[in-house]
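> Please build the complex by placing chain F with the ligands on the supplied structure of chain S, with the hints as guidance.
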Amino acid sequence: MKIFVCVKQIPDPNTVESKLDPATKRLVRTGVSLVLDPGDETTIAAAIKLRDSLGNSELTAISMGPASAQEALRRALAMGVDRAILISDPALAGSDVLGTARTLAAALKRENPDLIFCSTESTDGYTGMVPGAIAEFLGLPQLTFAREINVEGTKAVIKRVTQTGYEVVESPLPAVVTIASGSFEAIYPTMKGIMSARKKPFSQLSLSDLGLDPSQVGEAGAREQILSIGKAEARAAGQIIKDEGNAAEIIADFLQRHQLL
Amino acid sequence: MAPPAISPTGGWIGTTIFVVIFLAALTVFGLRVGQLVTLLAKARREDRTDHLEERIGDFLLVVLGQSGVLRDPIPGLAHFFTFWGFIIIQFGLLNLILGAFNGSLPLIGHDHTFAALLDLFVLFVLVSLIVFAVRRGIVRPRQLSSRLHGPWDGFIILGLIFLVLLTLALVETFGFAASHGEEWSLLGSWFGPSFYGLGTATNVALYRVSWWAHILTVLSFLVYLPGSKHLHLMATPFNVFFRNYGPRGALPLLENLEEREDYGVSKAEQFTWKQLLDGYACTECGRCNTVCPATNTGKPLLPKEIILGVKESLLDRRHEIVGEPNLFQKLPLADVRSNGHEEIQPLVGGVISKEALWACTTCGACMEICPVSIEHVPKIVDMRRSLVMEESDFPPEVTSLFNNIERNGNPWEISNDRRAEWAAGLGVPLMAENPDAEVLYWVGCMGSFDQRNRKVATALVKILKAAGVNFAILGPEESCTGDPARRIGNEYLWQMMAQQNIEVLNSYGFNTAQTETATAQNGHDHNGQTSRARTIITACPHCFNTIKNEYPQLGGHYEVIHHSVFIDRLIREGRLQLPAGFDHRKLTYHDPCYVGRYNGVYDEPRRVLTVINSNGVTEMRRNRNRSFCCGGGGGRAWMEERIGKRVNQTRVNEALETEAEVLAAACPFCIMMFEDGVKGVEAEERLQVEDIAEIVARALEEAATPSTARAGQ
Ligand SMILES: Cc1cc2nc3c(=O)[nH]c(=O)nc-3n(C[C@H](O)[C@H](O)[C@H](O)COP(=O)(O)OP(=O)(O)OC[C@H]3O[C@@H](n4cnc5c(N)ncnc54)[C@H](O)[C@@H]3O)c2cc1C
Ligand code: SF4
Ligand code: SF4
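Going down the list, the protein sequences come from chains S and F. Position 224, counted from 1, in the first sequence is what my numbering calls 1481; the numbers after and before it change by one each time, with no gaps. Position 217, counted from 1, in the second sequence is what my numbering calls 273; the numbers after and before it change by one each time, with no gaps.
Just chain S, with the same shape it has in the complex (with noise of 0.2 Å):
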């Protein structure tokens, strides 16, 4: 089987203080220190136990970003993918979720995958569209909020986490599948995992390549804008209710209100 992971290099969510540009109202994501979306490593942890019980599979790890993404598929390839592919082209700045999608899409489809994983949503922009928009351009069934998945003759079946469990979800291959955070271990790369990413496939692909004209994606096919950008409304201080024996009733109130109840 062909699968197939997409990840995303981030500025480090750890340590780096998220900071917008006000002139592009954008992200600032250079001369921060960046990493594989921590979300992803444990995407592709999911997506190299499925290879793993499958045998005979290929799992490739492929993203969009600069050219330091490279980095961030490097680190996947040790852990244990067996090849990597990045899309990297100027005209690619300013890509929303559309073109990004596109793009992703654009690049799956030459490669007739069986299978692609995708986080539920990125540690950093956290729209959580682009699944969708990739399962959309390429026509394909997805299968959402994964916390464990198994191939079963040509079906992918996945236990999808809902509020009070899980419930069985299954589709024809081939499919889009996003996997609920937490519900993976990230891999720490080993020594051998970490040599051998030198020498693994790694191709680099431009818009051309892909056949996408610059129009489509990037700051000219972008639909999305963004309007303005504000700091959040600091949390206003809670209240706190001293029970001098009508407590109960005020909490029932206060969730009743809210329609908790």
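Misleading hints may appear alongside valid ones.
[Said to hold, decoys possible] Once the Cα atoms are required to be at most 30 Å apart in a straight line, the calculated DSS-like pairs of lysine-lysine come out as:
hint	chain 1	residue 1	chain 2	residue 2
1	F	K98	F	K518
2	F	K323	S	K1306
3	S	K1449	F	K323
4	F	K410	S	K1449
5	F	K386	S	K1306
6	S	K1456	F	K323
7	F	K323	S	K1457
8	F	K98	S	K1449
Please keep in mind that the hints were generated in silico from the structure rather than gathered at the bench.
Chain F with the ligands in isolation, oriented as in the chain S frame:
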């Protein structure tokens, strides 16, 4: 070469039979030893021929003087006599063997003094045997039990030695009786005359029977030896001779990370020959178990079982290692072990459990006490290396530690840019601002970021300022030394961090190797000043140890001093004026493993504390080189303690036993572990945990504040 009074074999037929048996036994013995040596020859190489003169001196002291075992006086003395008895009895034996050829040893063969000495040792050994048997059979200290050789090996050995003595006594008795005192011996002269009545012919026969019994017992012993724990008889002298003379705190470097096939040890034969010789040399005395903080708190780690586990695994795989089919396989008598058909367990995760490997704090107590210089910690770390770098199999909480050290240069999810924040407002220059600073204060991650240890860093700054030391810190240019990564088994990450730090330290001219060559060339360093040794000080024993003892492996040679030693020096040079005996609280001092055992610093911290404290230092039960780890070393500070009692609480309870009010330490990890431990045993009211620097800084404030002002407070 005077002939014996009576020929023990009774003629050439007997002698021929003896020669045949003797050569056969010798051949089997030789083959069995040969198998063991072949296994060592197939192992990794390692050079242990440095420091030759010291090796020879120590060899004499430890092997001939038995100084190792003598540290434990009762079994030690018993061992001393058994050892020397053994040597002297060998001469007696040779004498008896020469008898078969109508000869005897020159000079001492018929010498009464030698005969008397021999028998005195026979008696000594007998008494020792009783001591050993009582210990093994009645006292039964837990550390003596042996999984590898089973419960009987110890007794079989004692039985064989007893038989050797008994048959020797019989030989002497009947030799004396048969020769009417011509074959003089002390025991013979005591017991022989009682047998005169049997008649000479009977006595001669009994003498010959005893002689054969003696010879056969000795030969059985010889054949049995290589497969038993008494292999140590032969291996120990070599092990002591080839012991490590490098810095004790340095783990061996894993070379050529880029081109290696393996990263650490998952199979016994991946160890070096010296590490494997350790297994042969282990006497199974179990001293290491008695001092191990993991064993003592119910963890599944027994250092002795690590050593024997490696030996077991090596012997289990002996045929694979030598190459099948081999001589030893075809000739079962030549094989040191009879098993070999059952399924062989893997070394890591089979013979030795992963939990055992992760439980080690690398405190070094086992290596310190081992009478035969066995090296436990390098083996444990070698196997951890395989788990980490080959299997990516380690406690899950360690993943973020590795990622953080690699990405952020510190163990936490904090940007290293904030490394100097603790010093804001203290007037501490960065190296970049004061590149000619005489002293670099290496703050370490704990001092930089940990709330509790920032107070220690602040206290140390006060001291340095009071003493007028021209110092600076690196701030964001400093990164984690990599010590926890290395001890957990991530050699790759340690080398990465070390290289990065070495570059920074070299750029400020701290590398003594560089300044030496620079001085040799033009007598001046890059600033045109005459080169002087510049010093790095640190309050973290782990930083101290790895920079001092391990960075040289990657070309970083520095003069590094632990802050307790530096403070002691400042006091003795008169640069720090401390009010003597101002602190009246009862105080005890905990020796951090990487200051004490690994680097031999015991006196300086005590000297500092004794100056300030009117009561001096009240010692805990286990102190100095027997100090009991806080539980935080070897990366344990970053792992959960899921099994058994808590190591830190065990040590805190020991401090409480002294009724001290202050538990002084000199290590940020000890401080963290003890603060936690004191809370755990709910002793916050009774016991304060303080770093030496904090105690000294308080004394300085005291000196600066007139007592009248304080009285008003
Ligand atoms: C007008 C505009 C301009 C923008 N310009 C830029 C820009 O110049 N540079 C920039 O980096 N961002 C830019 N962004 C942000 C960009 O739209 C999002 O980062 C991108 O669409 C992914 O969205 P997300 O992070 O919410 O992903 P989500 O939908 O939350 O991601 C879910 C999963 O989809 C996959 N995925 C998402 N993005 C990628 C990717 N790039 N490669 C591979 N897999 C992926 C991953 O598996 C990810 O975990 C811009 C946004 C707007 C609105
Ligand atoms: S390793 Fe040393 S201390 Fe431990 S049992 Fe063996 S000889 Fe004794
Ligand atoms: S180093 Fe310490 S914790 Fe590790 S085995 Fe030896 S005594 Fe036990």
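> Hint by hint, say whether it matches the structure.
Verification of the hints:
1. K98(F) / K518(F): With a Cα-Cα distance of about 57 Å, the restraint between K98(F) and K518(F) is violated, given a limit of 30 Å.
2. K323(F) / K1306(S): holds (26 Å)
3. K1449(S) / K323(F): holds (17 Å)
4. K410(F) / K1449(S): Measuring from Cα to Cα gives roughly 21 Å; hence the hint holds.
5. K386(F) / K1306(S): Answer violated: K386(F) to K1306(S) is near 45 Å, above 30 Å.
6. K1456(S) / K323(F): Given that 30 Å is the threshold and the Cα spacing comes to 27 Å, the pair holds.
7. K323(F) / K1457(S): Holds, because 28 Å separates the two Cα atoms, which is no more than 30 Å.
8. K98(F) / K1449(S): Given that 30 Å is the threshold and the Cα spacing comes to 24 Å, the pair holds.
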